[in-house]
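Visitor: Sequence:
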Amino acid sequence: MKRLIYFLGPLLLAIVAVFLLNKWLGGFETPGYVLIGIAGWSMETSLVVFAISLIIGFYVFYNFFRFMGWLVQVPGRYKSRGKRIKFNRSQEALIAGLVDSAEGNFEKAEKVLIKHASHSGAPLLHYLTAARAAQSRGAFEKRDEYLKKASNAPGSDLAVGLTQAELSLSGNQFDQALQTLTRLHSIDPTHASVLRLLHQTYQNLGDWESVRSLIPTLNKNKVMLEAEIKLLEAEAFSNLLKQASESGNAPEIQKLWSDIPSYIKRMQGLSAIYFAAMINAGDGAAVEEELTKLLSVNWDETLLALFGSVQSDDVAKQFSVAEKWLSLHPNDVVLLNVLGKLAIKCADPHKAEAYLSQSINTEPTVQAYQLLGDVLFARNEKDKACECYKYGLELASSEIVSQIDAVS
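Under UniProt numbering, the sequence shown is numbered contiguously, ending at residue 408.
One should not assume that every hint holds.
List time: in silico PhoX-like cross-link candidates among lysine-lysine, alpha-carbon distance up to 20 Å [what the hints assert, rightly or not]: (1) Lys-317 to Lys-351; (2) Lys-242 to Lys-230; (3) Lys-293 to Lys-317; (4) Lys-108 to Lys-149; (5) Lys-345 to Lys-317; (6) Lys-255 to Lys-222; (7) Lys-324 to Lys-345; (8) Lys-324 to Lys-293; (9) Lys-382 to Lys-351; (10) Lys-384 to Lys-351; (11) Lys-242 to Lys-220; (12) Lys-222 to Lys-242; (13) Lys-265 to Lys-293; (14) Lys-230 to Lys-265; (15) Lys-230 to Lys-220; (16) Lys-324 to Lys-351; (17) Lys-255 to Lys-265.
Just so you know, these hints were derived from the structure itself, not from any lab.
Please work from the sequences and hints to get the whole structure.
Guide: Right, dumping it as structure tokens:
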């Protein structure tokens, strides 16, 4: 319709102009004439005819050049139209690929995404989504191929790297994830997602020293909540203490403990790991006093059991301290077992038998039966000792059965 108006409009104006000019010139007695001479040639016509010819000629040439301009633009218009069609199809393919991925049709999603990626305004999204789909169906080679194609997009380093790291983590390829994240961390040391994935990778690799080193950066850049940071610190130091315990190096364990912030030391269970590590390293006597003070203000069965395992330089004093606690905790089974164990170390079998018998009467435990059996066996009361061992084995068996039933 618009083109028809563009064509008929000038034509109508030309007709009106010719009509008005003819009427105006027709009003003169001598409307005039026009003489044109070129070399030996000459042309003479009336002014009316010349003016009409001029108007018609202008109209013809005007439309001719408009037509030529349109003709020149035809290839470009068809090319642009083709691009628009391909772009629209690529957008539809992206949506279809996302839907197929969500529905679990991963192979179908890959095909439609890759087919239209080159014509998309956002090919990066096509390749990254296809990589996730390939990962989901276990096609790791295809995943890496799509990620490589995605990396060709300008400014895609972080997006591609983060996706690659996430997929490597989910596929338990921790070394590969660490390699990618280390590179990304060098590009942007404060990027929240890089830091979050980096600490998860260190955790999975059991590299707790690196987790410990990363914590200040996580805190500074607000990557995690304050409570999460504290829990992560506690987890890191707990595992570092356990690793140090395996080495059996008491000075290293003490150095590590001194580096732990006081608010982390106060967390439930962390001090027990430290004391256990020192006892395991054969230097429990170095922490006996600290353990005694802590039990005086914070009664804890785990710490009490560790106190009983300390190889003290003064066992008699250790036994005396434990007996004083008995007035405050008269029916504490763990304390009674510890007293029985310490009485054996002090070569006092009568007290040992009394404390262990009281423990069994209060609440039978495997440890109490075993210790009491050892005391009786040392006194050559083998029948009674065997009976204690038997009760201990039966109790241990029933506990194992209960655990199995609870799991099933």
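Visitor: Are the hints correct? Go through all of them and say.
Guide: We went through each hint and held it up to the structure:
A C-alpha spacing of about 15 Å is found between Lys-317 and Lys-351, which places the hinted pair at or below 20 Å, so the restraint holds. The hinted pair formed by Lys-242 and Lys-230 meets the criterion: a straight-line CA distance of about 18 Å does not exceed 20 Å. In summary, the hint linking Lys-293 to Lys-317 is supported, as the alpha carbons are separated by about 14 Å, within the 20 Å threshold. Taken as a hint, the Lys-108 and Lys-149 pair is honoured in the structure, with Cα atoms around 19 Å apart against an allowance of 20 Å.
Proposed proximity of Lys-345 and Lys-317 is supported: the alpha carbons are some 12 Å apart, at most 20 Å. Between Lys-255 and Lys-222, the direct Cα distance comes to roughly 29 Å. Violation of the 20 Å bound is thereby established for this hinted pair. With a CA separation close to 18 Å, the supplied pair Lys-324 and Lys-345 stays within the 20 Å bound. For the hint linking Lys-324 to Lys-293, the alpha-carbon distance of about 13 Å falls within 20 Å, and the restraint holds.
As the CA atoms of Lys-382 and Lys-351 are separated by approximately 19 Å, the hinted pair is consistent with the 20 Å bound. A hinted pair counts as satisfied when its Cα atoms are at most 20 Å apart, and Lys-384 with Lys-351 qualifies at roughly 17 Å. Of the pairs offered as hints, the one joining Lys-242 and Lys-220 is violated, with about 27 Å between alpha carbons and a cut-off of 20 Å exceeded. Between Lys-222 and Lys-242 the CA atoms are separated by roughly 28 Å; this puts the pair beyond 20 Å, and the hint is violated.
For a cut-off of 20 Å, the pair hint linking Lys-265 to Lys-293 stands: about 15 Å separates their Cα positions. Restraint check for Lys-230 and Lys-265: the C-alpha separation of about 11 Å stays at or below 20 Å, so the hint holds. Between the alpha carbons of Lys-230 and Lys-220 the distance comes to roughly 13 Å, so the proposed pair stays at or under 20 Å and holds. A hinted pair counts as satisfied when its Cα atoms are at most 20 Å apart, and Lys-324 with Lys-351 qualifies at roughly 14 Å.
Distance restraint check for Lys-255 and Lys-265: the Cα-Cα separation of roughly 14 Å lies within the 20 Å cut-off, and the hinted pair is therefore satisfied.
Hints 6, 11 and 12 from the list above are not met by this structure, while the remaining hints are.
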